[in-house]
Amino acid sequence: MSFSHDEIREMFPEYLRGTLSGDMRNAVEFHIRDCPACRSELSMMSGVVSIDVPDPGNLYWATLPGKVAGLVKGKKERLFPLKSLFLKFIPAAAAFAILFVLLLTGAGRDRGYELHTSIGDPFRVTYLEQGDLTDEDIYVLAEKTEGGAFHSEPEDIMEYSYYGEFASLDSEEMEILYGALKTEQTKGGLL
Amino acid sequence: MEDTSLVERYLDGDSGAIEELVVKYQKQVYAFVYRIINDAEEAKDLTQKTFLKLFNAIGSFRNEASFKTWLYRIAMNTTLTYIRQNRHRAGESEIQESIMGSQAGALSLVIKKEKADYLKKALAELPERQRLAVILRAYEGLSCRETAGVMGCSEGTVKAHYHAAVKGLRDILKEKGYEF
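Protein sequences appear in the order of chains W and G. To convert, note that position 5 of the first sequence is 4 in numbering that gives the first Met the number 0; the numbers rise steadily by one, no gaps. To convert, note that position 96 of the second sequence is 95 in numbering that gives the first Met the number 0; the numbers rise steadily by one, no gaps.
Think of the hints as simulated: they come from the structure by calculation, not from any bench. Keep in mind the model is a prediction, meaning the values are calculated, not measured. There's no promise every hint is true.
[Stated by the list, open to error] Over the 12 Å line for every Cβ pair with chain W, so calculated as not near, a few chain G residues:
hint : residue
1    : G15
2    : E19
3    : A64
4    : R72
5    : N76
6    : Y81
[Unchecked claim] Listed next, with one range per pair, are the computed distances between beta-carbon atoms:
hint : chain 1 : residue 1 : chain 2 : residue 2 : range
7    : G       : E1        : W       : L98       : 38 to 44 Å
8    : G       : D11       : W       : T104      : 28 to 34 Å
9    : W       : E13       : G       : S14       : 22 to 28 Å
10   : W       : V52       : G       : G176      : 21 to 27 Å
11   : W       : D51       : G       : D11       : 22 to 28 Å
12   : W       : P90       : G       : S153      : 47 to 53 Å
13   : W       : A94       : G       : E1        : 41 to 47 Å
14   : W       : D51       : G       : R61       : 33 to 39 Å
[As the list claims (entries may be wrong)] Think about it this way: if two alpha-carbon atoms lie no more than 27 Å apart in a straight line, the pair counts; the simulated DSSO-like pairs of lysine-lysine are:
hint : chain 1 : residue 1 : chain 2 : residue 2
15   : W       : K72       : G       : K175
16   : G       : K43       : W       : K72
17   : G       : K26       : G       : K120
18   : G       : K173      : G       : K120
19   : G       : K26       : W       : K66
20   : G       : K43       : G       : K166
21   : G       : K175      : G       : K114
22   : G       : K173      : G       : K114
23   : W       : K66       : G       : K158
24   : G       : K23       : G       : K43
25   : G       : K67       : G       : K26
26   : G       : K52       : W       : K74
27   : G       : K52       : G       : K26
28   : W       : K72       : G       : K166
29   : G       : K158      : G       : K175
30   : G       : K114      : G       : K166
31   : G       : K158      : W       : K74
32   : G       : K173      : G       : K158
33   : G       : K23       : W       : K66
34   : W       : K72       : G       : K48
35   : G       : K114      : G       : K52
36   : G       : K23       : W       : K74
37   : G       : K120      : G       : K166
38   : W       : K74       : G       : K48
39   : G       : K48       : G       : K26
40   : G       : K48       : G       : K23
We treat Cβ as the ideally placed atom computed from N, Cα and C, and that holds for glycine.
I would like the entire structure built from these sequences, with the hints used as guidance.
Have a look at this one:
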């Protein structure tokens, strides 16, 4: 069986460790006999592998696993209070989120009061400047309200208010009022 | 026991799995880190840091790559981050001391040691990716595919780095009068 240079080189690490099977080992040795490039690379790898690594000693090897285990556990315990705080926060956050969604969607908007049908949905109201309204708009608005009460109602209230106030004055007070208006040259609604 | 079983045991709350995994891989991780950094004391600290990072991130371990490849990747990143943070270029003084301190003995042994020391120095002079390719392939015995997994690149890139490294080492040693 013949192998390419790449395949032979791929086997070098195992060859140097002595973990290559007999057949593969023979194949590597057969190849490098006739291939100076692969032989040179194997020689280089062999030199690299032979560089010693200083042994830190048995004490280091014996204590490292326990040390790592202790630090990992310690870190977990330190993280635990934060984790529990976070877990406590979850229900509050969920409740807040539900409340926020309810407010946004307007659920329960009509609870406790009823909107007049002439007002409509306040979330859909369009604010218009008075100057933007034409006679036609006013007519349409008035038509939509009950019998034009939209316009007449404020006037009636004001009129009633004046009448009620004047009715409560006796003749002497009326004289004084008349005199005052005349003095100021101010015209009242009744004069 | 299989690595994946140990990982599952740890994730199920068995802290004994921590020690078993450390015992299984501590020597490999230490040797790998030392070969990158060429400093025994720092290699000891970085080995410990590697395992701590491993257990902090073990929840994200997927069986797509082998546990060993994943561990080497963490060790490599931990060591390279340390080197970058400390602008560490280890090895030179250590090699010099090693040569000076070698006892007179058989001439061949001294020459062999000297050659190994120069090789070590030459390895430290290689660009980072080339050095990693040699360390993972030659020292750790990883296949091209595994090395690619650790380095996060393609097999073709690993081969390119590795061959450039071999050529670089040969050139450096040729200047010192050594031939391979």
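Problem - Agreement of K114 (chain G) and K166 (chain G) with the hint, judged by alpha carbon distance not exceeding 27 Å - result: Measuring from Cα to Cα gives roughly 17 Å; hence the hint holds.
Practice task
For the pair supplied as a hint, K66 (chain W) and K158 (chain G), confirm whether the alpha-carbon distance does not exceed 27 Å.
Solution key: Not satisfied, since the Cα-Cα distance of roughly 38 Å exceeds 27 Å.
Practice task
Determine whether the Cβ-Cβ distance between A94 (chain W) and E1 (chain G) falls within the hinted range of 41 to 47 Å.
Solution key: At roughly 46 Å between Cβ atoms, E1 (chain G) and A94 (chain W) fall inside 41 to 47 Å, so the hint holds.
Practice task
For E1 (chain G) and L98 (chain W), compare the CB-CB distance with the range 38 to 44 Å and indicate the outcome.
Solution key: Between E1 (chain G) and L98 (chain W), where Cβ atoms are some 50 Å apart, the hint is violated.
Exercise for the section: Starting from K72 (chain W), check that the Cα of K166 (chain G) is at most 27 Å away, please. Expected result: violated, 47 Å
Problem - Pair hint outcome, K173 (chain G) versus K114 (chain G) [Cα-Cα no greater than 27 Å] - result: holds, 11 Å
Problem - Agreement of K74 (chain W) and K48 (chain G) with the hint, judged by alpha carbon distance not exceeding 27 Å - result: Holds: K74 (chain W) and K48 (chain G) sit about 13 Å apart, inside 27 Å.
Exercise for the section: Starting from K175 (chain G), check that the Cα of K114 (chain G) is at most 27 Å away, please. Expected result: holds, 9 Å
Problem - 27 Å Cα cutoff - pair K67 (chain G), K26 (chain G) - result: holds, 13 Å
Problem - Hint consistency between K158 (chain G) and K175 (chain G) [alpha-carbon to alpha-carbon, up to 27 Å] - result: Between K158 (chain G) and K175 (chain G) the Cα gap is close to 26 Å, so the pair holds against 27 Å.
Problem - Restraint check for K26 (chain G) with K66 (chain W), where alpha carbons must lie at most 27 Å apart - result: This hinted pair holds, its Cα atoms lying about 15 Å apart.
Practice task
Taking the shortest Cβ-to-Cβ distance between A64 (chain G) and chain W, state whether it exceeds 12 Å.
Solution key: holds, 19 Å
The earlier numbered hints that this structure contradicts are 1, 2, 7, 8, 9, 11, 15, 20, 23, 28, 31 and 35.
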